[in-house]
Structures are given as C-alpha cells and as structure tokens.
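For the sequence shown, counting from 1, position 168 maps to 168 in our numbering; every step adds exactly one.
Quick caveat, the hints were computed from the structure, so don't treat them as lab data.
Nothing here was measured: the structure is a model prediction, and the numbers come from that model.
It is possible that some hints are incorrect.
As the list claims (entries may be wrong) - For lysine-lysine, the following DSS-like pairs were computed, each having C-alpha atoms within a straight-line distance of at most 25 Å:
1) Lys197 x Lys214
2) Lys119 x Lys214
3) Lys282 x Lys197
Stated by the list, open to error - Label-pair restraints from in silico Cβ distances:
4) Pro316 x Gly202: 26 to 32 Å
5) Ser314 x Arg281: 25 to 31 Å
6) Glu276 x Met1: 41 to 47 Å
7) Pro188 x Arg286: 15 to 21 Å
8) Leu285 x Asp37: 24 to 30 Å
9) Asp189 x Leu285: 18 to 24 Å
10) Arg114 x Gly280: 51 to 57 Å
11) His74 x Glu330: 32 to 38 Å
12) Pro292 x Ala135: 42 to 48 Å
13) Leu285 x Asn143: 32 to 38 Å
14) Ala73 x Met190: 33 to 39 Å
15) His74 x Gly202: 47 to 53 Å
16) Pro316 x Pro296: 20 to 26 Å
Don't be surprised by glycine CBs; every beta carbon is placed ideally from N, CA and C.
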Amino acid sequence: MILVTGAAGFIGFHVAQRLLRDGHAVHGVDNLNDYYDVTLKEARLRVLQENPNFTFHRIDLADADPVAALFAAHPPEYVVHLAAQPGVRYSLVNPRAYTASNIEGFLNVLEGCRHHGVKHLVYASSSSVYGLNTALPFSVHHNVDHPISLYAATKKANELMAHTYSHLYRIPATGLRFFTVYGPWGRPDMALFLFTKAILVGTAIDVYDQGRMKRDFTYIDDIVEGVVRVMGRPAAPDPAWSGSAPDSATSCAPHRLYNIGNHSPVGLLRFIEILESCLGRKAALRLLPLQPGELPVSYAEVADLSREFGFEPSTPLEAGIQRFVAWYREYYHV
Numbered sequence: 001m002i003l004v005t006g007a008a009g010f011i012g013f014h015v016a017q018r019l020l021r022d023g024h025a026v027h028g029v030d031n032l033n034d035y036y037d038v039t040l041k042e043a044r045l046r047v048l049q050e051n052p053n054f055t056f057h058r059i060d061l062a063d064a065d066p067v068a069a070l071f072a073a074h075p076p077e078y079v080v081h082l083a084a085q086p087g088v089r090y091s092l093v094n095p096r097a098y099t100a101s102n103i104e105g106f107l108n109v110l111e112g113c114r115h116h117g118v119k120h121l122v123y124a125s126s127s128s129v130y131g132l133n134t135a136l137p138f139s140v141h142h143n144v145d146h147p148i149s150l151y152a153a154t155k156k157a158n159e160l161m162a163h164t165y166s167h168l169y170r171i172p173a174t175g176l177r178f179f180t181v182y183g184p185w186g187r188p189d190m191a192l193f194l195f196t197k198a199i200l201v202g203t204a205i206d207v208y209d210q211g212r213m214k215r216d217f218t219y220i221d222d223i224v225e226g227v228v229r230v231m232g233r234p235a236a237p238d239p240a241w242s243g244s245a246p247d248s249a250t251s252c253a254p255h256r257l258y259n260i261g262n263h264s265p266v267g268l269l270r271f272i273e274i275l276e277s278c279l280g281r282k283a284a285l286r287l288l289p290l291q292p293g294e295l296p297v298s299y300a301e302v303a304d305l306s307r308e309f310g311f312e313p314s315t316p317l318e319a320g321i322q323r324f325v326a327w328y329r330e331y332y333h334v
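Given these sequences and hints, build the entire structure.
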C-alpha cells in the first residue's frame, strides 16, 4: 500500500491517480484546508474515489495522534509526502501555517515512517530553497543556506529533518525539489490559473519583476513520471560520500536530493504570449516590482535525475498550457 499525503492537492491528486492506474492500493490524506477553493479539492477527490483501490482519510498532519493511528492501522510500504502549506507570498502573511504544516506535519510523517518500517519516503522540497544563490542552473550540489522566504526555510528544514531520520533510523528517503509545476487541476493561486481567469474576464494581470522573471515551468505529467520512478527505487547510502568534503545531494545515510524540473527557463512575458495564443485573447498587463521572497529566475539542473532514473521532461510549454486551458474551459464551463 502507498500513502500519498496531500492527495486532494494538485500534485498529490495526479500522483495518486497515476499510482491507481498502475494498479496500486492508495491511501490518501488531506485536511482540505481553505487556503484555496475547497470545492476544487473535493472535485479532485471525487475523481480518485471512483477507483475502489483508493481510500481517503481526512486528517491534519500537524495532529500527531491521528497520524500515528493512521500509520498503525494501515502501515504503508511507501510514503509519498506532498502535503504542505504552499506559496511564498502567503508565508509573509500567515507564517504559523507553515511551521504547523511543513514542520510539525512532516515530523509526524517521519515518526510514522520510523515506527512502521516504510521502504521509501519520497517527499516534496522546492526550488525556493536556492534563495540568494545566483549560480545557474541550480544544482542539488550547490549550497542552499540562504533562503529568502519562510516557505523556503521550511522546505530546507524538511531536507535536514529527513536526512536526520535517515541517518538515525536508516529510513530510505528522497527529497524532490519541484520547479514551477503547472497543468490541469492546478492550484488557483499560481500564475497560470490567475492569468487565465483574468484574461477570460477581461481584467489586468499582475506581472511581477516588470516581466523579467523567468521560471522553469514543468508540466504535471513529467513531474508525476519522475516521482513514480524515484519512489520505486529506495535511496541508498553513497559509498563515495566523505565527511571531509560533504556533498549536500548525497550522504552516507540512505538519503538523496534531486531537482525535478524542465531544465528550460522561460520568461514570464513569453509565457503570457503562449497563454494569449491558447485563449485567443490579449492580456492587459500591470507591471509590478519583484515581490519579497520571490526568486527572479529558477532553472533546474536535472543531470542526476536523468542519469540515475532516465528522467527526461517531454511536454513543450505550448502543449502543456493548451491542455490546461482546455481543462479550465471544461471545468468552469467557460
């Protein structure tokens, strides 16, 4: 059995759906919080619940007792931990939501893995951890000790916590640093969703960093393929790792880190042009400064993931945006 946390979320929904298609029994966990439209989360769940191999548990991972009871009643072989409080900008407004979900919640998952012999924990990190690093493309072998948002700090903390549990209790764990995931059933707080809605109703869109921002947009199906491949091969200690010259991406413990992105950054204005073409409408732009906590550029070096797992993103941005627009029009009857 595979436990997927955040199963009603964007990435969690797609990962659970893929695992179900592959014939696995999946238990999904989510607290259905109201950070964004709960009806969208419920709609995702209804799709998953059409499969008899899916079981849903409404649990807040920050509550230790229900999490411990879940692991005891349904010990998973694998855990794909995708539940988190997302969003850089919201972390400036409600920081405690991030420590509750991303720190306390992750600790409770680690404790469940510790006590129930999980074969592999795969967990979500973020490109945000690169912070003030300006060396491009971002590599998992780079130092990431200078985050610029609390969200990023909690994700770096997750990597440290997972490594500690891997070292102490020999739990195989792999962290995946996601780069700007987009696609059907996406999050309403992200640019593609916000821009599509605004363009269709004729309101201006907020374009930060005066449009100079670049993102390594990665289509959801490519992300899911990477997650599934990584899950099936538990992390192992690196025999070449040395404490005298430590590599942050590997360890003498069974813990690994990988970037998972498209390895092809695209300017925000080009992104908007593609979306305009797919919608058949022009956007009104409101150019604004770079927001506190935001990276001006994200660019994933994915050589390790490609070499070790054959990961090769295959979805052009034009195709991915077109698929999102088709889903959006159907879901919202536009």
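Outcome of the hint check:
For a cut-off of 25 Å, the pair hint linking Lys197 to Lys214 stands: about 21 Å separates their Cα positions. Distance restraint check for Lys119 and Lys214: the Cα-Cα separation of roughly 37 Å exceeds the 25 Å cut-off, and the hinted pair is therefore not satisfied. At most 25 Å may separate the alpha-carbon atoms for a hinted pair to count; Lys282 and Lys197 meet this at roughly 13 Å. At roughly 28 Å, the beta carbons of Pro316 and Gly202 sit within the given window of 26 to 32 Å.
Checked against the hint of 25 to 31 Å, the C-beta distance between Ser314 and Arg281 comes to roughly 28 Å, which is consistent with it. Separation of Glu276 from Met1 is about 45 Å and conforms to the stated range, judged on CB atoms against 41 to 47 Å. Checked against the hint of 15 to 21 Å, the C-beta distance between Pro188 and Arg286 comes to roughly 19 Å, which is consistent with it. Taken as a hint, the range 24 to 30 Å holds for the pair Leu285 and Asp37, whose Cβ atoms sit roughly 25 Å apart.
Distance hint check for Asp189 and Leu285: the Cβ-Cβ separation is about 19 Å, which falls inside the suggested range of 18 to 24 Å. The supplied range of 51 to 57 Å is met by Arg114 and Gly280, whose beta-carbon atoms lie about 53 Å from each other. Evaluation of the 32 to 38 Å hint for His74 and Glu330 yields a pass: the beta carbon distance comes to about 34 Å. Here the CB-CB span from Pro292 to Ala135 is close to 22 Å, at odds with the stated 42 to 48 Å.
A beta carbon spacing of about 36 Å between Leu285 and Asn143 agrees with the range 32 to 38 Å that was offered as a hint. Range check, Ala73 to Met190: Cβ separation about 35 Å, and the 33 to 39 Å hint holds. Our hint of 47 to 53 Å for His74 and Gly202 holds, since their Cβ atoms are close to 48 Å apart. Taking the beta carbon of each, Pro316 and Pro296 are about 24 Å apart, inside 20 to 26 Å as hinted.
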